[in-house]
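Visitor: Sequence:
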Amino acid sequence: LTRARHALWVGIAALKVGKGSVCMLHRSAIGYLLGGDTPCEGAAIPGLLRETFGDSPAVQIVDAAQEADLQRLQAAHPAPALIEPPNYHAQFERNWSIGSFSALVRDLTPRSTQQPALQAALQDELWATEPSMEQPSPATLQPSAARHRFPRGALMGKFVHEQLAWLGENGFALSAQQTQDNLLQRCARQGWDAPRSADLLEWLSEVLVTPLPPLGVALPEIDTLLAEMEFWLPVERACAAEIDALCQRHILPGRARPDLTERTLHGMVMGFADLVFHHAGRYWVLDYKSNVLGTDDADYTQQALEAAVLEHRYDVQCALYMLALHRLLRARLRTAYDPQTQLGGAIDLFLRGVRGPRSGCVHIPPDGVLLDALDALFAKREELA
115 LTRARHALWV GIAALKVGKG SVCMLHRSAI GYLLGGDTPC EGAAIPGLLR ETFGDSPAVQ
175 IVDAAQEADL QRLQAAHPAP ALIEPPNYHA QFERNWSIGS FSALVRDLTP RSTQQPALQA
235 ALQDELWATE PSMEQPSPAT LQPSAARHRF PRGALMGKFV HEQLAWLGEN GFALSAQQTQ
295 DNLLQRCARQ GWDAPRSADL LEWLSEVLVT PLPPLGVALP EIDTLLAEME FWLPVERACA
355 AEIDALCQRH ILPGRARPDL TERTLHGMVM GFADLVFHHA GRYWVLDYKS NVLGTDDADY
415 TQQALEAAVL EHRYDVQCAL YMLALHRLLR ARLRTAYDPQ TQLGGAIDLF LRGVRGPRSG
475 CVHIPPDGVL LDALDALFAK REELA
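Each residue of the sequence shown is one higher than the last, beginning at 115 in the numbering used here.
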């Protein structure tokens, strides 16, 4: 009940449900206070009230039937008639929307249904360094490393990303026993058994001690970092085909990849960068990838990593995230910002390949021409790409 300043009126009656004849007051809070969970008849309510509150000087028990007739309050002046609504003639944009990288690639054609030439080209990229196509041995079918036997799938990938975001907020200090215990507790709350939780701990520990080739240091050694940076970019009628053409021209040019589905971005483009950081004088954006490219470290070659980037169009994601970082730095640093010396680029870190030939890293270096062209495209300015 509300805490009244002066007085509080509470109406109590023999409540019934539907067409039933049984008093259900005992199922309410006030009914339970009066008589517990024992059903009572309506005639017994006054006695229960007197028994419970009769000795309290602050409570008066009044039979509503004995009260004088009540009249509904009448307004002193009738309400004025409502005016007719005016006709609305203003114009507003009906096609304004919020887009994202996920929206751009949502209808991306899977490899199994792509044109044969593109499918063959992507397959060649993935298997370019394979020594043979012999049947795998039983040992290969049962990966010994936790990173390779860890289950695949969107839910697993999402959970792994969440743990890396949490670790990033704590400086990637997984070597501390308390952090390891906290990680295992988070796995337990997810319903995981001890072996799977131990696998994740082993896997993430490997990730965090592996120096990343573009940097020469592991994640815990990074100077300054920000996990899950959210960004919003205004965009003016930018066609996906134009974005696609720029990415194909400037990121891994001449390589096969699926075309983006035709759509127009108008409104805002938003996203969450897994990790934005500053190291050795440069600013970087990094995205974690839990994709499975094989069952062994040797499967995560540079060619295979780049082919996966192109197949899933992570090149477009890198371009958008670099544009967001580029605009942020330009707004914050102003005239002190020099993209050529201060922008490091984008890194796709394939987590299952951290012990592979390239430590699971694909580095997309910054391209000033690409960033200027995307910047102009989003703002509908005329600039040379």
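In short, the hints are calculated from the structure, not lab data.
The model shown is predicted, which means the values in this text are computed figures rather than measured ones.
Worth double-checking, as some hints may not be accurate.
To be verified - Lysine to aspartate or glutamate pairs mimicking DMTMM-like chemistry, simulated, CA-CA at most 20 Å apart:
| no. | residue 1 | residue 2 |
| --- | --- | --- |
| 1 | Lys272 | Glu207 |
| 2 | Lys494 | Glu376 |
| 3 | Lys272 | Asp358 |
| 4 | Lys272 | Glu376 |
| 5 | Lys494 | Asp410 |
| 6 | Lys494 | Glu316 |
| 7 | Lys133 | Glu165 |
| 8 | Lys272 | Glu350 |
| 9 | Lys272 | Glu342 |
| 10 | Lys272 | Glu316 |
| 11 | Lys494 | Glu350 |
| 12 | Lys272 | Glu283 |
| 13 | Lys130 | Asp169 |
| 14 | Lys130 | Asp151 |
| 15 | Lys130 | Asp183 |
| 16 | Lys494 | Glu356 |
Visitor: Next step is simple, just say for each hint if it's right about the structure.
Guide: Evaluated hints:
About 35 Å separates the Cα atoms of Lys272 and Glu207, which puts this hinted pair outside 20 Å; it is violated. Taking the CA atoms of Lys494 and Glu376, the gap is near 18 Å; set against the 20 Å cutoff, the hint holds. In summary, the hint linking Lys272 to Asp358 is not supported, as the alpha carbons are separated by about 27 Å, beyond the 20 Å threshold. Taken as a hint, the Lys272 and Glu376 pair is broken in the structure, with Cα atoms around 28 Å apart against an allowance of 20 Å.
This hinted pair does not check out: Lys494 and Asp410 have alpha carbons roughly 46 Å apart, beyond 20 Å. With a C-alpha separation of about 48 Å, the suggested pairing of Lys494 with Glu316 is violated against the 20 Å cut-off. A distance of roughly 30 Å separates the Cα atoms of Lys133 and Glu165; the hinted pair therefore is violated under the 20 Å criterion. Distance check on the hinted pair: Lys272 and Glu350 sit about 31 Å apart at the alpha-carbon level, beyond 20 Å; violated.
Restraint check for Lys272 and Glu342: the C-alpha separation of about 13 Å stays at or below 20 Å, so the hint holds. Between Lys272 and Glu316 the alpha-carbon distance is near 18 Å, which keeps this suggested pair within the 20 Å criterion. Among the hinted pairs, Lys494 with Glu350 is consistent with the structure: their alpha-carbon atoms are about 6 Å apart, no more than 20 Å. Between Lys272 and Glu283, the direct Cα distance comes to roughly 17 Å. Compliance with the 20 Å bound is thereby established for this hinted pair.
Of the pairs offered as hints, the one joining Lys130 and Asp169 is violated, with about 29 Å between alpha carbons and a cut-off of 20 Å exceeded. Of the pairs offered as hints, the one joining Lys130 and Asp151 holds, with about 15 Å between alpha carbons and a cut-off of 20 Å not exceeded. At roughly 25 Å between alpha-carbon atoms, Lys130 and Asp183 are farther apart than 20 Å, so this suggested pair is violated. With a C-alpha separation of about 12 Å, the suggested pairing of Lys494 with Glu356 holds against the 20 Å cut-off.
When held up to the earlier numbered hints, the structure conflicts with 1, 3, 4, 5, 6, 7, 8, 13 and 15 and fits the remainder.
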